[in-house]
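A.B. asks: Using the sequences and the hints, build the whole thing.
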Amino acid sequence: MTRRARGFLLGAGLALVLLDGAVRTPEVGGRLSPAVFINREMRRLDGERLRLETAYAGVPLTEAWRLRLAEDLAELERMRARLYAGSSDHP
Amino acid sequence: MNSADSGKRIDGWLIAILAAAAFLLFFRLDHRPFWQDEAETACLARNVLRFGLPLAFDGVNLVSQEENREFGPDHVWRWSPWLQIYLMAASFRIGGETTLAGRLPFAFCGWLTLWLVYRWVRRLSGDVAWARWSAALLALSVPFLLFARQGRYTGPAMLLTMLIVPAAFRPSRAALAVALPALGALFHLNYIVFAGLLGGLLPLVWLERRQWTWLRLAAAATVLALFIAPGIAGYHIGSRAGLMDWSMAPVRLQRNLVDVLQFALPLPLAAAVLLRGRTEPGATGEPIVRRLLILVAGSLLTVSLAPREYFRYLVPLLPLCAIVCAWCLRTLWAAHRAPAVLLGVLLVFTNWLHVVPLDRAHVYHRPWHNDPAMLTAPNFPMKLFLTELCRGYPDVHAAAIARLNEAARPGDTVLATYGDLPLQFYTRCRVTGGFQRPEPEPGIEPDWVIVRRRTFLTRDNDLPASRRQADALELERDYERIVLPAPDDPFGNRPDPAQHRFLPPREPFEHLVLYRRKEGA
Chain A
421 MTRRARGFLL GAGLALVLLD GAVRTPEVGG RLSPAVFINR EMRRLDGERL RLETAYAGVP
481 LTEAWRLRLA EDLAELERMR ARLYAGSSDH P
Chain B
109 MNSADSGKRI DGWLIAILAA AAFLLFFRLD HRPFWQDEAE TACLARNVLR FGLPLAFDGV
169 NLVSQEENRE FGPDHVWRWS PWLQIYLMAA SFRIGGETTL AGRLPFAFCG WLTLWLVYRW
229 VRRLSGDVAW ARWSAALLAL SVPFLLFARQ GRYTGPAMLL TMLIVPAAFR PSRAALAVAL
289 PALGALFHLN YIVFAGLLGG LLPLVWLERR QWTWLRLAAA ATVLALFIAP GIAGYHIGSR
349 AGLMDWSMAP VRLQRNLVDV LQFALPLPLA AAVLLRGRTE PGATGEPIVR RLLILVAGSL
409 LTVSLAPREY FRYLVPLLPL CAIVCAWCLR TLWAAHRAPA VLLGVLLVFT NWLHVVPLDR
469 AHVYHRPWHN DPAMLTAPNF PMKLFLTELC RGYPDVHAAA IARLNEAARP GDTVLATYGD
529 LPLQFYTRCR VTGGFQRPEP EPGIEPDWVI VRRRTFLTRD NDLPASRRQA DALELERDYE
589 RIVLPAPDDP FGNRPDPAQH RFLPPREPFE HLVLYRRKEG A
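Chains as they are written, first to last, in the working numbering: chain A, 421 to 511; chain B, 109 to 629.
Rather than coming from a laboratory, the hints here were simulated on the basis of the structure. All C-beta atoms in this analysis are idealised placements derived from N, C-alpha and C, irrespective of residue type, glycine included. Treat the hints with caution; some may be incorrect.
Partial list, computed: chain B residues near chain A (C-beta under 10 Å) [unchecked claim]: (1) 448; (2) 453; (3) 463; (4) 468; (5) 476; (6) 479; (7) 486; (8) 488; (9) 575; (10) 613; (11) 614; (12) 615; (13) 618.
So the derived list for chain B, only partly shown, Cβ under 10 Å to chain A, looks like this [as the list claims (entries may be wrong)]: (14) 440; (15) 443; (16) 445; (17) 459; (18) 460; (19) 464; (20) 467; (21) 485; (22) 513; (23) 516; (24) 518; (25) 566; (26) 567; (27) 569; (28) 570; (29) 573.
C.D. replies: Below, the structure is given as structure tokens:
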């Protein structure tokens with residue numbers, strides 16, 4: 421590979437990261453396409469909810485773990501509500 | 109970028125970097141109060157000034173986050189090394205028992221680290237541009253700034269690292285005379301951080317074995333043993349063996365590795381250094397960078413054997429990773445200017461190179477409770493940092509402290525399910541709770557109760573005594589409920605990049621709630 425081709429590939433790779441990063445950043449992606457941004461976060465929270473419930477199912481559900489699960493799920497719901505309200509942490 | 113070392117003793121760029129770093133490190137250093145772990149150090153430092161020793165009990169309040177495992181019947185603190193406690197005590201003696209005095213010497217160590225990074229890279233490689241970029245990237249690293257602004261071991265640990273590492277590259281007598289006491293001091297700051305760095309240094313010593321004589325190695329080991337021997341007995345390190353869980357080491361290694369890639373050394377840069385073909389002409393400094401990566405790998409492996417994984421155990425790697433990143437930038441600039449500019453923009457202004465490739469590879473570590481304005485998501489870290497610094501943050505501990513100082517009478521009793529230690533330091537109350545294991549006091553109900561949103565479990569995965577105590581009270585009947593405007597964040601000003609919040613959440617969020625005992629209840 422020539423030096424110029426290598427430089428071009430490096431530049432293209434970094435530019436891709438730059439673009440991808442911008443789209444995923446709340447201040448840029450959240451303003452350019454709020455719906456896409458909120459949907460992506462919502463999908464993450466859905467996945468996290470499933471992961472939490474699965475993780476807690478793997479331990480004996482003592483009083484302590486039951487309390488933790490309830491607290492964590494309640495916080496997840498608040499996080500969803502913040503997103504639904506369109507109030508991600510960057511307006 | 110001019111790589112030639114002009115030999116000038118004063119570098120204007122370095123002065124500019126140090127000046128900018130001084131602002132970032134010292135501006136509003138006390139704008140948020142100590143969080144739980146910092147307050148532990150602060151309470152113990154205050155007791156050092158009163159009693160001459162780090163006692164966990166001052167006659168009113170008990171400092172404990174491990175159900176009283178940290179001390180024996182004499183209440184002398186044995187859980188963690190004493191150097192950070194004495195450093196804060198010395199600062200309290202000079203500047204008074206304030207947040208600023210508590211954090212100042214630690215932040216100063218962070219600031220000096222920048223100068224040492226510059227000096228070492230310049231001396232070792234003769235490349236001024238590399239030295240400047242190393243110091244600049246470290247100064248602009250928000251994880252570095254967060255840890256350096258803490259009143260804990262993290263700032264001094266980075267400073268000592270930059271005194272120790274040069275000796276692994278050139279083990280001269282003068283370098284060892286600095287490095288061995290520094291390594292001893294690191295042990296007395298935090299022995300897990302010490303073990304991690306030592307684990308990274310040993311492969312380097314092996315690689316540089318031609319520079320070592322057996323006599324010198326034996327002398328160095330003996331001197332180091334003399335430094336750390338009192339601590340091994342004094343801190344009861346042997347008694348922690350029961351906390352080790354070797355089966356978790358592979359998981360911890362994976363998480364620690366991802367954390368380093370996420371917050372310090374972007375995966376593409378690490379891969380680029382490792383995959384550079386041996387047939388390619390080596391750029392200046394490449395052997396240094398490869399050795400630094402070996403050090404990083406050794407540290408990661410060693411720290412992963414610790415009972416818990418915290419990014420703070422890996423803080424010595426932050427300066428080293430900044431040096432590696434700067435080398436990548438420097439080398440790329442020499443070959444391809446336009447991509448080098450892009451890389452510079454990514455490294456200086458964003459965390460996208462750290463986070464996006466890991467996200468794409470589905471290996472990154474973003475705790476479920478992280479919102480998008482944290483360092484675990486793609487962001488402009490410096491903007492987040494400056495926003496918090498300039499606009500402030502409604503800190504959970506600051507809110508509780510302010511209300512108690514305003515409304516509680518001196519000597520009032522407070523039960524807090526977490527965050528008990530900041531209240532002990534800043535209020536005149538008797539504070540129980542957290543992970544203390546209090547003696548049962550039948551019939552005595554606290555004047556104030558704070559039940560935090562998140563319940564932390566004990567090492568045995570059980571509810572802490574404080575939570576059981578709070579649950580046994582008739583809060584709605586006997587107490588007046590006071591809702592404070594601050595969000596009930598779990599930790600407050602915790603520096604770990606996966607836990608630190610820069611922007612307050614919007615509604616709906618859980619507010620901090622205090623309960624005050626009703627008259628006659």
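A.B. asks: All hints are to be evaluated individually against the structure, with a verdict given for each.
C.D. replies: Hint check:
| no. | hint | verdict |
| --- | --- | --- |
| 1 | 448 | holds, 9 Å |
| 2 | 453 | holds, 7 Å |
| 3 | 463 | holds, 7 Å |
| 4 | 468 | holds, 8 Å |
| 5 | 476 | holds, 4 Å |
| 6 | 479 | holds, 5 Å |
| 7 | 486 | holds, 4 Å |
| 8 | 488 | holds, 7 Å |
| 9 | 575 | holds, 8 Å |
| 10 | 613 | holds, 7 Å |
| 11 | 614 | holds, 4 Å |
| 12 | 615 | holds, 7 Å |
| 13 | 618 | holds, 7 Å |
| 14 | 440 | holds, 7 Å |
| 15 | 443 | holds, 7 Å |
| 16 | 445 | holds, 9 Å |
| 17 | 459 | holds, 8 Å |
| 18 | 460 | holds, 3 Å |
| 19 | 464 | holds, 5 Å |
| 20 | 467 | holds, 7 Å |
| 21 | 485 | holds, 7 Å |
| 22 | 513 | violated, 28 Å |
| 23 | 516 | violated, 27 Å |
| 24 | 518 | violated, 33 Å |
| 25 | 566 | holds, 8 Å |
| 26 | 567 | violated, 12 Å |
| 27 | 569 | holds, 6 Å |
| 28 | 570 | holds, 5 Å |
| 29 | 573 | violated, 12 Å |
Hints 22, 23, 24, 26 and 29, counting from the list given before, are not met by this structure.
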